[in-house]
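Asker: So the chains spell out like this:
Number of protein chains: 4
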Amino acid sequence: MHHSFQPTHYFNTLGSHEPVLKIKSGDTVTTTTVDAAGCNHLGEQVAPRGNPQTGPFFIEDAEPGDTLLIRLDKLSPNRPQGWSAKVLAPNVVNPDYVTDLPNPQDRLATWQVDTKLGTASLDLPWSNTKRLELPLEPMLGCFGVAPTRGQAISTATSGEHGGNMDYRGFKEGVSVYFPVFVSGALFFLGDGHALQGDGEIVGTGIEISMDVTFSVQVLKGKQSFWPRGENDDFIFTAGNARPLDQATQHATTEMHHWLCTDFGFDALTASILMGQAVRYELGNVFDPAYTMICKMPKRFGSVLLEHVHVDQK
Amino acid sequence: MHHSFQPTHYFNTLGSHEPVLKIKSGDTVTTTTVDAAGCNHLGEQVAPRGNPQTGPFFIEDAEPGDTLLIRLDKLSPNRPQGWSAKVLAPNVVNPDYVTDLPNPQDRLATWQVDTKLGTASLDLPWSNTKRLELPLEPMLGCFGVAPTRGQAISTATSGEHGGNMDYRGFKEGVSVYFPVFVSGALFFLGDGHALQGDGEIVGTGIEISMDVTFSVQVLKGKQSFWPRGENDDFIFTAGNARPLDQATQHATTEMHHWLCTDFGFDALTASILMGQAVRYELGNVFDPAYTMICKMPKRFGSVLLEHVHVDQK
Amino acid sequence: MHHSFQPTHYFNTLGSHEPVLKIKSGDTVTTTTVDAAGCNHLGEQVAPRGNPQTGPFFIEDAEPGDTLLIRLDKLSPNRPQGWSAKVLAPNVVNPDYVTDLPNPQDRLATWQVDTKLGTASLDLPWSNTKRLELPLEPMLGCFGVAPTRGQAISTATSGEHGGNMDYRGFKEGVSVYFPVFVSGALFFLGDGHALQGDGEIVGTGIEISMDVTFSVQVLKGKQSFWPRGENDDFIFTAGNARPLDQATQHATTEMHHWLCTDFGFDALTASILMGQAVRYELGNVFDPAYTMICKMPKRFGSVLLEHVHVDQK
Amino acid sequence: MHHSFQPTHYFNTLGSHEPVLKIKSGDTVTTTTVDAAGCNHLGEQVAPRGNPQTGPFFIEDAEPGDTLLIRLDKLSPNRPQGWSAKVLAPNVVNPDYVTDLPNPQDRLATWQVDTKLGTASLDLPWSNTKRLELPLEPMLGCFGVAPTRGQAISTATSGEHGGNMDYRGFKEGVSVYFPVFVSGALFFLGDGHALQGDGEIVGTGIEISMDVTFSVQVLKGKQSFWPRGENDDFIFTAGNARPLDQATQHATTEMHHWLCTDFGFDALTASILMGQAVRYELGNVFDPAYTMICKMPKRFGSVLLEHVHVDQK
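Chains as they are written, first to last, in this note's numbering: chain C, 1 to 313; chain V, 1 to 313; chain P, 1 to 313; chain S, 1 to 313.
Quick caveat, the hints were computed from the structure, so don't treat them as lab data.
Careful, some of the hints might be misleading.
No distinction is drawn between identical chains; accordingly, a pair holds when it is met within one copy or between any pair of copies.
Subject to a maximum C-alpha distance of 35 Å in a straight line, what follows is the list of computed DSBU-like cross-link-like pairs (lysine-lysine) [what the hints assert, rightly or not]: (1) Lys298 to Lys116; (2) Lys220 to Lys130; (3) Lys298 to Lys74; (4) Lys298 to Lys171; (5) Lys130 to Lys298; (6) Lys22 to Lys130; (7) Lys116 to Lys220; (8) Lys130 to Lys24; (9) Lys222 to Lys171; (10) Lys116 to Lys222; (11) Lys24 to Lys222; (12) Lys220 to Lys22; (13) Lys116 to Lys171; (14) Lys171 to Lys74.
Using the sequences and the hints, build the whole thing.
Answerer: As structure tokens, this is what we get:
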């Protein structure tokens, strides 16, 4: 079933809040998200700043111990302007370089976002570069499910439940798996970026409101521990923690575990294969928890392709 | 001038050791490297284990404050077998997962390396996967220059001088820039891998001896602080430290600094561009110092291409 | 006013929950806490495990931007037995030492706690040590206030709001300052330890239920950012984060800021003094967020004593 | 035998340098050290800055696999002035606080050091504090032995071999144990501080030249892996690494190992005892490698005292 849902309020935590819509495994939802500052497609602020979330969507039959599969069918910026911070965050440069960072009077830049041309552009009147024009690559910065133990976790950060991961790979066409911690899973989404560099090292992408269509599927009895994903070329896992070393441990452990439980590898073969074939990508290195992505290329022969996840077929 | 150099001894530290050959800026050298265990193309151990290095090569005119440009013209495994560890290193998984890792009697695997087919293959008699066959991607794990302050730094680790970075991108065709800390720079190379996953998370790539051809160029008066590189698609910087957070700070700072000093960006424009366009890749997360790579795509329009590094043309 | 409060239910998050009692600045409360597993003075489990908290107490007049001062007037274990884990946590030893840790069938030990003798003792029938007898040093592992942004934060971890800091210095007689984030502050307490080593490196102290008496005072208009404390010899600040490096940054920054705003130091003098006089102590290195304490000795002359915090007199 | 040794040159790395004196196990040496900037008791610069070391002393019979015991018999500043940095290092405060740090024109302060009164004092003409007067607590910031693998490690950092640990506990009367990595151990010492706060958070103690007397003992066949120490109240271990989490792992592992091999504890008893009795202290959080100290109080009953290290009696 295909739902159209227009949000009337938003949440700044992922928690066990009152659902805005009940849907079923297999359903598709078309909705909208506001930007990180709570502004909608008209640029009106309709929610408090800090990655306000659309949702939560209650998915029937989803129970703790299941996995929720979200496919991002369509992600489209729905207004012609986005904004970004301008200055490298002080935590991503050497401590003794912080005082060398530029200190512009206006900390934010307004980009022109042209979805037809597929570009984000910014005039730089002070610079001999004159103008930046970069290809759009729309993504969701913050989305996930209600966490365990009755927690309500700020949309500033991330964890086993997803949240503010700010990973470029969460874009149109990707499938994302979340552990289910509460009845109905309670799926939230928001914080669209028209474009973002790895690491979100200025502290923002090009922040923008979005039209989003997503589909849900409940994988009954399939247990996962951290967010996972899949696209045409890779399966991947996300670890969210500080420092990056710990995020890397979470993502690597989850990948090894996943290869063994879902893809038919024994622990030793999975370990050997990962050693020579694994890839890593950075989500954010700005938020309270950093995000590391561990990827396994499907192209590495029949090995992985022939074991491809049945739920994806 | 093109030199052919056959090493007779090797070093397990990068330091101000007696040069094995004096060469000039613009010269090319064809030589060989032994594998991480000190074994040559015949599989004979000719040096103590631990990434023994060919060199050092003294480059005339290279003085502290200059930058040494090394182009890896050719990297070719020179024997049909390489070896790897099998088990994920305990520091790359969750601490409470360490006891779940496989514990094979034989910790090492011997891979068949076929440079004609371009594959590394390994039989897995115990496994329902039966056999792994992965595409070769030869690279140098450990190379660099003599460090400052009279130090002799173990080839187990890395720093501003390069060393054991274990980054997949250090492969044929790449240009690598090292800060010069001592007269003659003293360039070392070794630790060839037929293939390696990001992070070197089992603690080795597929370790193998190599035939290597490289060219050198001294960039007089050009100061750099960390290893840098360039390939067809990216310019990049390497930060070497623990934790990854600090390696990320070093690489990010060096990229910002490089964009401003060599590519004509003002500090604010460089910061805005990096925020939305930067990419990161992992070198190793196994050695005493981890390695993070900060990359800037050249394809992001005329912006970077028109400022392309004149020394590379 | 002195209140006696007997809890009937407990919370496993610190959040904006319904208050159990409204009190005033200057009041004193005598109450009880259950142990980390939810067991009371009779050893009956009356709450779900995971540091269930007594409270929240609503303190009238406490508003965001104020500071809440809690004095722990009395902390007394109220049953003769406590329990601890036995084995060093895998995250506090070298990753390659994890498989060398002991692996006892029973992971928990039951200690005899004698408040008259002031000892915790444990028989070790397997060991040539025969018996451990250690001096009691009762403390609260987890206490704090409701966090900002509508969050409900698990009692497993800690943050600006306090929480599961597991610092030995939170014992009888200490004064603790918390930032106020919500109206009424909403103070919670629990997780008593009869004794604990620095770092809580086996993952528990000697866990026990307690009789607790505390007094509250609202410091109107005094803003703080992290938990602070004061005892006869030191003023101190707590930073809660991973890695310890970041916890250290939070605690150090808060101390410098505190010295400047409340003790009359200029920024440079505070910096010089801290450089030569500061002390650090570890809270936990086990929980999701670690805890570092930054201490300034009062004994360093008139300098600090003459500026002593007027609210403490 | 008691040697008097007056150094004529100094080293800025700990490595296998030519010994300045050969001594025997049981010998005592009285010598001098210059300050971190290479200045002697007259304030004359006699060595390049960066913790220049007196030594190395070759200790006969010390072989790899042994442990070298150094007792610091006497540490006495030998001039009336020491210097310190003034400003908190940018890496010890929150990244967004770096730009709030004071930025004095003169980065260094000159302290009056009075060994008779036992004080270090500094006038603060700009400050309402007027003057700081702190009790002396002379210590060695950097000392240790030649490392393994032919390395020459900068005196800016530390490792298994000791080096620039900057721990307040390395003061008169302490016994320090170093692993022996090369024949003769090759002991170095320098970098005296008249006083230092935990963490060396301004990047220096009160830097001063010293008269030092130390005694050496070779513990044949006793293997250690990291620096260890002992004073009247504690045995302790030092872990040197970044981040502090890893330094903590090294120190904790070494303490557990030490308790089991030298003090007769089984692994489980050592683990239980450490959990409830261990203490941690910070060495430096400024140098490339940070230093964490893991301490076990001797006072915790007969348990530890009766197992007291026989070599110390």
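Asker: All hints are to be evaluated individually against the structure, with a verdict given for each.
Answerer: Going through the hints against the structure:
{"no.": "1", "hint": "Lys298 to Lys116", "result": "both (32 Å within a copy, 23 Å between copies)"}
{"no.": "2", "hint": "Lys220 to Lys130", "result": "between (54 Å within a copy, 31 Å between copies)"}
{"no.": "3", "hint": "Lys298 to Lys74", "result": "both (23 Å within a copy, 28 Å between copies)"}
{"no.": "4", "hint": "Lys298 to Lys171", "result": "both (18 Å within a copy, 22 Å between copies)"}
{"no.": "5", "hint": "Lys130 to Lys298", "result": "between (41 Å within a copy, 17 Å between copies)"}
{"no.": "6", "hint": "Lys22 to Lys130", "result": "neither (49 Å within a copy, 46 Å between copies)"}
{"no.": "7", "hint": "Lys116 to Lys220", "result": "neither (40 Å within a copy, 47 Å between copies)"}
{"no.": "8", "hint": "Lys130 to Lys24", "result": "neither (50 Å within a copy, 40 Å between copies)"}
{"no.": "9", "hint": "Lys222 to Lys171", "result": "within (24 Å within a copy, 40 Å between copies)"}
{"no.": "10", "hint": "Lys116 to Lys222", "result": "neither (40 Å within a copy, 43 Å between copies)"}
{"no.": "11", "hint": "Lys24 to Lys222", "result": "within (17 Å within a copy, 51 Å between copies)"}
{"no.": "12", "hint": "Lys220 to Lys22", "result": "within (18 Å within a copy, 45 Å between copies)"}
{"no.": "13", "hint": "Lys116 to Lys171", "result": "within (17 Å within a copy, 38 Å between copies)"}
{"no.": "14", "hint": "Lys171 to Lys74", "result": "within (8 Å within a copy, 38 Å between copies)"}
In summary, the structure is inconsistent with hints 6, 7, 8 and 10 from the numbered list given earlier, while agreeing with the others.
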